[in-house]
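Each protein sequence line maps, in turn, to chains A and B.
Counting with my numbering, you get residues 56 to 279 for the letters of the first sequence.
Counting with my numbering, you get residues 46 to 272 for the letters of the second sequence.
In short, the hints are calculated from the structure, not lab data.
Bear in mind the structure is a predicted one, so any value in this text is a computation, not a measurement.
Ideal Cβ positions, reconstructed from N, Cα and C, are used throughout, including at glycine.
Some clues are possibly wrong.
Said to hold, decoys possible - Quick list of in silico lysine to any residue cross-link-like pairs, SDA-like style, CA-CA up to 25 Å: (1) A:Lys169 with A:Ala228; (2) A:Lys110 with B:Lys229; (3) A:Lys63 with B:Tyr139; (4) A:Lys104 with B:Tyr139; (5) B:Lys186 with A:Ser99; (6) B:Lys102 with B:Glu84; (7) A:Lys169 with A:Pro261; (8) A:Lys200 with A:Ser139; (9) B:Lys141 with B:Asn239; (10) B:Lys112 with A:Arg150; (11) B:Lys141 with A:Arg120; (12) B:Lys191 with B:Leu180; (13) B:Lys149 with B:Lys229; (14) B:Lys191 with A:Lys200; (15) A:Lys200 with B:Tyr139.
To be verified - From chain B, some residues computed to sit far from chain A (all C-beta separations above 12 Å): (16) Met60; (17) Gly242; (18) Leu257.
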Amino acid sequence: MNQEEQVKLMGLWGSPFSKRVEMALKLKGIPYEYIEEDVYGNKSPMLLKYNPVHKKVPVLIHNGRSIAESLVIVEYIEDTWKTSHTILPQDPYERAMARFWAKYVDDKVMLAVKKACWGPESEREKEVKEAYECLKCLEKVLGDKLFFGGETIGFVDIAADFIGYWLGIFQEASGVTIMTAEEFPKLQRWSEDFVGNDFIKEVLPPKEKLVAVLKAMFGSVTSN
Amino acid sequence: MAERSESEEVKLLGMWASPFSRRIEIALTLKGVSYEFSEEDITNKSSLLLQLNPVYKMIPVLVHNGKPISESLVILEYIDETWRDNPILPQDPYEKAMARFWAKFVDEQIYVTAMKVVGKIGEERDAVVEATRDLLMFLEKELVGKDFFGGRSLGFVDIVATLVAFWLMRTEEIVGVKVVPVEKFPEIHRWVKNLLGNDVIKKCIPPEDEHLQYIRARSCVLSLGFV
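Okay, chain A solo, but in the shape it has when bound (with noise of 0.2 Å):
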């Protein structure tokens, strides 16, 4: 089927969430324009109006019509264009454990590492302990798999991008260390496995450029 109509994407360069509609895109060879949002400096007018609601990217327009929060758009994009890549399973019940552990990364271990890195220093070592409990529930799920979604990157894997790509970058930043390869032999495969994709590669944010933001961020954090 020919979509005549193009697909536009409001995101942030450095977000996960952003990134993680990317993937999609990519992975099912979908073309879209993107369109940088200054989500943290002047929204645009535009993001005002696609997504007033919760005024964040990223934002997918297709057909005119604006679809936000990443999973959601991840779902539409899977249930809109029926490509060779399939990020779902078929099965009701597997694609059920996709989402609950989806849900899981964003719900738990998102927020997680979050109140790790960046908490304060008296909350610092529970919080650790926290989000390494949260990564050792997800090296159990993968196991022996390649990826969460078994032979081909799916939902989950697209999920916990972050993992894979951003929390090493945000622990060599931030200075505090969550997941080691030693503690973590599969989840560190697979984020090696998972970054090295043709398709995902593509689309992360350049290393250096993280850093530096991170690292004054984070500088600006200690500092108080």
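Since the structure of chain A is already known, use the hints to place chain B on it.
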């Protein structure tokens, strides 16, 4: 089309006063799926619950043919994909995305914010009420020209938003604040009336008196107002 055989076992671990548990019962009942309900004492969790939901240790948990699924929104989608009668989610990808968006909004924004009302007084409480109303305004606008969020019949968002209709709005009496006054939210009030006109909803929501008693008792210990 899913076939129903004798060996197909559907079990729901839930709690009678939980909006998350009740929404699963609504979905199963809408689709005519028979299930065994197992009431969980959330203050004294059973070993079965801990075994079936080791990650969150919470209800609801749906067990189908021995396989457990947790997280109410995940369960709802599983139910819709497994039993195809009376679809809950729309077919169209965009409409489906909107349904998922609003369901997330109810759970992650409205519920989280509104919960903070309990145990707060004075200015702090007023701020929470104001914040909740701002969020509810989005739902109010969504209902214009529609009988239900799902359109002419009950859908995914309606089922999820029963949390607003029968939990948030029921706690108004106890909290002593009209969080959802009819003057400000005529569409939401109209929608609640539509819900109450539906047999499945009527059957599946907690009985009002018992429910209010329960909420009152829980609020007294300044715990969560809904569960």
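Going down the list of hints, with the structure as the test:
1. At most 25 Å may separate the alpha-carbon atoms for a hinted pair to count; A:Lys169 and A:Ala228 meet this at roughly 13 Å.
2. For a cut-off of 25 Å, the pair hint linking A:Lys110 to B:Lys229 stands: about 24 Å separates their Cα positions.
3. Taken as a hint, the A:Lys63 and B:Tyr139 pair is honoured in the structure, with Cα atoms around 15 Å apart against an allowance of 25 Å.
4. As the CA atoms of A:Lys104 and B:Tyr139 are separated by approximately 17 Å, the hinted pair is consistent with the 25 Å bound.
5. A hinted pair counts as satisfied when its Cα atoms are at most 25 Å apart, and B:Lys186 with A:Ser99 qualifies at roughly 23 Å.
6. For the proposed pair B:Lys102 and B:Glu84, the alpha carbon gap of about 14 Å is at most 25 Å, so the pair holds.
7. With a C-alpha separation of about 20 Å, the suggested pairing of A:Lys169 with A:Pro261 holds against the 25 Å cut-off.
8. A threshold of 25 Å between alpha carbons decides the hint, and for A:Lys200 with A:Ser139 the separation of about 20 Å falls inside it, so the pair holds.
9. With a C-alpha separation of about 22 Å, the suggested pair B:Lys141 and B:Asn239 falls inside the 25 Å cut-off, and the hint holds.
10. As the CA atoms of B:Lys112 and A:Arg150 are separated by approximately 13 Å, the hinted pair is consistent with the 25 Å bound.
11. Note on B:Lys141 and A:Arg120: the hinted pairing holds, with a Cα-Cα distance of about 13 Å set against a maximum of 25 Å.
12. Simply put, B:Lys191 and B:Leu180 have alpha-carbon atoms about 19 Å apart, close enough for the 25 Å limit, and the pair holds.
13. For the hint pairing B:Lys149 with B:Lys229, the CA-to-CA distance comes to about 23 Å; that is within 25 Å, so the pair holds.
14. For the given pair, B:Lys191 sits about 46 Å from A:Lys200 by alpha-carbon distance, which is inconsistent with the 25 Å threshold.
15. For a cut-off of 25 Å, the pair hint linking A:Lys200 to B:Tyr139 is broken: about 32 Å separates their Cα positions.
16. Consistency note on B:Met60: stated as away from chain A, and its beta-carbon is indeed over 12 Å from all of that chain's, at 20 Å minimum.
17. Interface exclusion of B:Gly242 from chain A stands, the closest Cβ pair being 29 Å apart, more than 12 Å.
18. The Cβ of B:Leu257 sits about 30 Å from the closest Cβ of chain A, beyond the 12 Å cut-off, so the non-interface label holds.
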